[in-house]
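*Asks:* Single-letter residue listing:
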Amino acid sequence: MALLTDLLNLNLSDHTDKIIAEYIWIGGSGMDIRSKARTLPGPVTDPSKLPKWNYDGSSTGQAPGEDSEVILYPQAIFKDPFRRGNNILVMCDCYTPAGDPIPTNKRYNAAKIFSHPDVAAEVPWYGIEQEYTLLQKDVKWPLGWPLGGYPGPQGPYYCSAGADKSFGRDIVDSHYKACLYAGINISGINGEVMPGQWEFQVGPAVGISAGDELWVARYILERITEIAGVVLSFDPKPIEGDWNGAGAHTNYSTKSMRDDGGYEVIKKAIEKLGLRHKEHIAAYGEGNERRLTGRHETADINTFLWGVANRGASIRVGRDTEKNGKGYFEDRRPASNMDPYVVTSMIAETTILWKPT
Amino acid sequence: MSLLQDLINLNLSESTEKIIVEYIWIGGSGMDIRSKARTLSGPVTDPSQLPKWNYDGSSTGQAPGQDSEVILYPQAIFKDPFRRGNNILVMCDCYTPAGEPIPTNKRYKAAEIFSHPKVVAEEPWYGIEQEYTLLQKDVKWPLGWPVGGFPGPQGPYYCAAGADKAFGRDIVDSHYKACLYAGINISGINGEVMPGQWEFQVGPSVGIAAGDQLWVARYILERITEIAGVVLSFDPKPIPGDWNGAGAHTNYSTKSMRSDGGFEVIKAAIEKLKLKHKEHIAAYGEGNERRLTGRHETADINTFSWGVANRGASVRVGRETEKNGKGYFEDRRPASNMDPYVVTSMIADTTILWKP
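Chains A and B are the protein sequences, given in the same order. Here UniProt numbering is used: the first residue of the first sequence is 1, the next is one more, and so on. Here UniProt numbering is used: the first residue of the second sequence is 1, the next is one more, and so on.
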């Protein structure tokens with residue numbers, strides 16, 4: 001296949017000014033990532049200079065066949081790690097031809113919350129820990145697990161190396177570099193407790209960009225697993241029983257929390273989150289009840305609990321934050337299949353804008 | 001195989017002025033693309049400077065054995081993405097030794113229509129959306145489908161990524177870059193609704209160039225699938241049942257349609273297409289009746305309908321065009337195996353020259 005690689009790796013900048021832009025959007029299920037590419041006459045670095053586009057919404061469950069156009073508004077640009085050169089990835093959100101966000105467009109509402117002056121003034125930072133599971137193609141059984149059976153119990157796998165302990169590192173490491181190349185603020189990776197499960201972290205990212213960056217990081221991961229012939233799963237509890245689930249712990253701070261005296265601000269924010277536990281849980285991912293059992297480093301889904309250094313709590317505050325009297329906290333409730341636009345904006349809204357009655 | 005790759009990738013410009021020219025033509029079935037190469041003494045950028053050539057028409061169903069020479073007239077040059085350097089691809093059409101276009105030469109008549117002064121004045125633009133299906137070699141079953149079975153139903157595959165949803169992206173992406181390198185006006189790609197099916201778009205191209213560019217893009221795709229060990233199909237309904245067919249939707253506009261008041265010109269053009277629906281359908285690809293059923297985002301083959309943003313219509317007008325009062329429209333009827341010379345020139349002929 002050598003000639004195919006030569007073509008895939010052609011550096012077009014030597015022959016033309018034209019670039020390829022891959023427009024990415026979220027489909028009708030809220031978790032299916034879709035994309036298609038178009039040629040543009042020259043390099044572009046500012047999303048406002050990219051043309052709007054459209055796609056067939058009747059093929060993604062987002063529009064009827066007789067009126068199928070859904071409009072794509074470009075929102076954030078990243079470098080394309082697959083095509084390289086001046087080619088780009090563009091994160092978009094979806095609108096009707098009349099200019100209204102379609103129902104599955106969660107970015108629109110999040111952007112409104114993040115542009116509220118009270119929220120903007122607090123410069124909310126997010127660090128999202130995205131866990132995911134790799135599955136063998138066709139059988140959809142975790143990578144590295146024996147077909148028709150199970151590996152040895154959890155214990156040896158977390159952060160380990162070795163052919164009998166770590167499955168799929170090529171995917172994880174190429175994803176890490178690809179994201180850094182793309183301009184995504186990927187801050188780390190680690191092998192997880194369940195074999196075949198991994199985690200990467202994106203952040204600190206401010207406001208709406210946390211969601212943009214996480215979605216594009218997920219897209220890049222889906223493209224890489226496609227190349228590797230492995231299936232990507234964001235299911236929050238892929239294997240029942242004594243196996244960890246997959247979450248998207250969301251670390252959060254505001255300007256006030258990062259300043260002196262911030263620890264009091266943090267405690268108040270956590271109070272407010274406690275009062276809206278049910279509303280947040282409803283928006284923190286489908287199937288989360290299979291994961292938040294109170295075991296496997298989670299808090300039970302019906303309980304709101306916080307503590308310093310407590311991984312069995314809903315919210316965990318780090319020892320450094322307690323010691324310094326300022327810092328950030330970790331909401332451990334979101335599932336791996338959460339929508340980061342929804343979760344990040346909801347945390348900001350509850351802790352900054354919402355007033356308990 | 002690294003020694004072989006070294007040889008394939010040799011940059012000859014360092015050792016000689018000579019170039020290799022791949023002459024491409026359409027064979028006797030109207031869909032089989034043929035080619036052969038010759039050495040020329042130096043770089044050429046203008047087709048009129050290329051020599052005419054000939055081939056054995058009795059081997060392609062285009063001439064009898066006792067009088068088998070078919071003459072190749074070079075018409076359009078593109079850079080060769082496989083040999084690179086100064087090497088080129090040349091799109092040709094076919095003539096008898098006496099200088100007459102042979103029956104399967106559809107380009108000749110198209111070029112006549114496109115040089116008619118009325119058509120030239122209207123500067124017809126085309127954007128062709130070429131759909132195609134990738135098949136596993138030997139079994140001829142779509143790529144990514146389990147042999148002896150079917151994948152899960154359509155829904156997850158359109159524009160998707162993932163090892164369980166997208167099959168053959170390497171082919172699609174290398175084709176995209178190869179075409180841009182060659183100088184083809186490829187404007188985009190996307191994964192299609194049926195798994196293993198893809199689409200690329202060529203355009204906007206003016207007049208006869210649309211056909212030249214699409215044929216060479218098809219040739220490049222056939223060469224790339226050959227490398228990948230995958231079979232290329234332009235069948236309009238490769239799998240019967242609840243699976244989308246493959247089309248070659250042809251987007252079209254004239255100068256009048258692109259100028260203010262163009263929407264009225266568009267509507268008048270669509271009316272004329274409606275009056276000649278049967279004639280167009282007959283020329284829009286073999287086997288199209290298996291595809292145009294009224295389901296799977298098509299209009300029934302016997303019905304002519306048009307609508308704004310309506311993917312179940314024969315002709316679709318985009319919302320932008322309606323809103324701006326000018327623009328272009330999309331003829332959704334052509335099948336993936338249509339001849340772009342025939343379709344593009346027929347649309348121009350009917351909408352610009354023909355009077356009901």
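Worth flagging that the hints you see were computed from the coordinates, not collected in a lab. Ideal placement from N, C-alpha and C gives every residue a C-beta, glycine not left out. Just so you know, not all the hints are guaranteed correct.
Stated by the list, open to error - Only some residues are given here: those of chain B computed to face chain A with a beta carbon under 10 Å:
{"id": "1", "residue": "Gly30"}
{"id": "2", "residue": "Arg34"}
{"id": "3", "residue": "Ala37"}
{"id": "4", "residue": "Phe82"}
{"id": "5", "residue": "Cys159"}
{"id": "6", "residue": "Gly162"}
{"id": "7", "residue": "Ser174"}
{"id": "8", "residue": "Tyr176"}
{"id": "9", "residue": "Tyr181"}
{"id": "10", "residue": "Ile186"}
{"id": "11", "residue": "Val193"}
{"id": "12", "residue": "Gln201"}
{"id": "13", "residue": "Ile224"}
{"id": "14", "residue": "Asn310"}
As the list claims (entries may be wrong) - Below 30 Å or equal to it, Euclidean Cα-Cα: the simulated BS3-like pairs (lysine-lysine) are:
{"id": "15", "chain 1": "A", "residue 1": "Lys112", "chain 2": "B", "residue 2": "Lys323"}
{"id": "16", "chain 1": "A", "residue 1": "Lys18", "chain 2": "B", "residue 2": "Lys323"}
{"id": "17", "chain 1": "B", "residue 1": "Lys137", "chain 2": "A", "residue 2": "Lys140"}
{"id": "18", "chain 1": "A", "residue 1": "Lys272", "chain 2": "A", "residue 2": "Lys106"}
*Asks:* Taking the earlier hints as the rules, which of them does this structure contradict?
*Replies:* Hint check: 1, 2, 3 fail, others pass.
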